[in-house]
Amino acid sequence: MMNDILTALLLVLGSLFSFVAALGMLRLPDTVIRMHAATKAGTFGAGLILIGDAFFYAELGITLRALATITFLLLTAPVAAHLIGRAAYYSGIRLWHKTWIDQLKDRYPAGDPPEETER
Amino acid sequence: MPADTTLVVIASRFALVVLLISIVLALVRLIKGPDAADRIVALDLISVLIVAFLAAYSIYAGETSFLDVAIGYALIAFLGTVALARFLMRSSQKRSENMNRIAGKRTDDE
Chain X
1 MMNDILTALL LVLGSLFSFV AALGMLRLPD TVIRMHAATK AGTFGAGLIL
51 IGDAFFYAEL GITLRALATI TFLLLTAPVA AHLIGRAAYY SGIRLWHKTW
101 IDQLKDRYPA GDPPEETER
Chain C
120 MPADTTLVVI ASRFALVVLL ISIVLALVRL IKGPDAADRI VALDLISVLI
170 VAFLAAYSIY AGETSFLDVA IGYALIAFLG TVALARFLMR SSQKRSENMN
220 RIAGKRTDDE
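Protein chains in written order, with the working numbering: chain X, 1 to 119; chain C, 120 to 229.
No incorrect hints appear here.
Cross-link-like lysine-lysine pairs, in silico, DSS-like; alpha carbons within 25 Å at most:
id, chain 1, residue 1, chain 2, residue 2
1, C, K213, X, K105
2, X, K98, C, K151
3, X, K98, X, K40
4, X, K40, C, K151
Think of the hints as simulated: they come from the structure by calculation, not from any bench.
Using the sequences plus the hints, can you model the full thing?
Now the structure itself:
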């Protein structure tokens, strides 16, 4: 019974967090700000639902699988966000008109991305 | 073994509906996103939402193998996001090189 209540709570919370992420994806003004919503709230919502899975089944194998998935999401989300942000900045996205700090502007003038070192 | 407690059934149904609405919202951004970068971010969010959907569906259907599907999907989605980001990086670099070359040629001619 306790596990069922916890599972239901985690399911509702996780889906609401995912909904907030999608809402931010739709409503926020520019690419970099949208990435903020997608990466953090989305990963957190999926993680909550996976923890709910672990509570619902209450078996060692399922719990380990859920924890492995959460760990993988937590490891890959920053890497993917970093890559997308870098590619987006160099592909010349326009920042929001109220953004007043762009620390890369002087170091990498527009249309002049640094050489990739590998290969 | 399907979920037999009504509380869990109601909660998982709610979660499935909300996650579907979220996927549709992200899909709207995927369709109308002004830049390629916006579309890649939307695809990334959609893949995370699908992982959450698979986890919730595994509770709803009482089938644990959907968790394995979620793990595999997360792996492949990460690879896809990385490939798309590198493709965007490469193509923007090539475009700026071309623009530099054209600009250089014009100044040489004059």
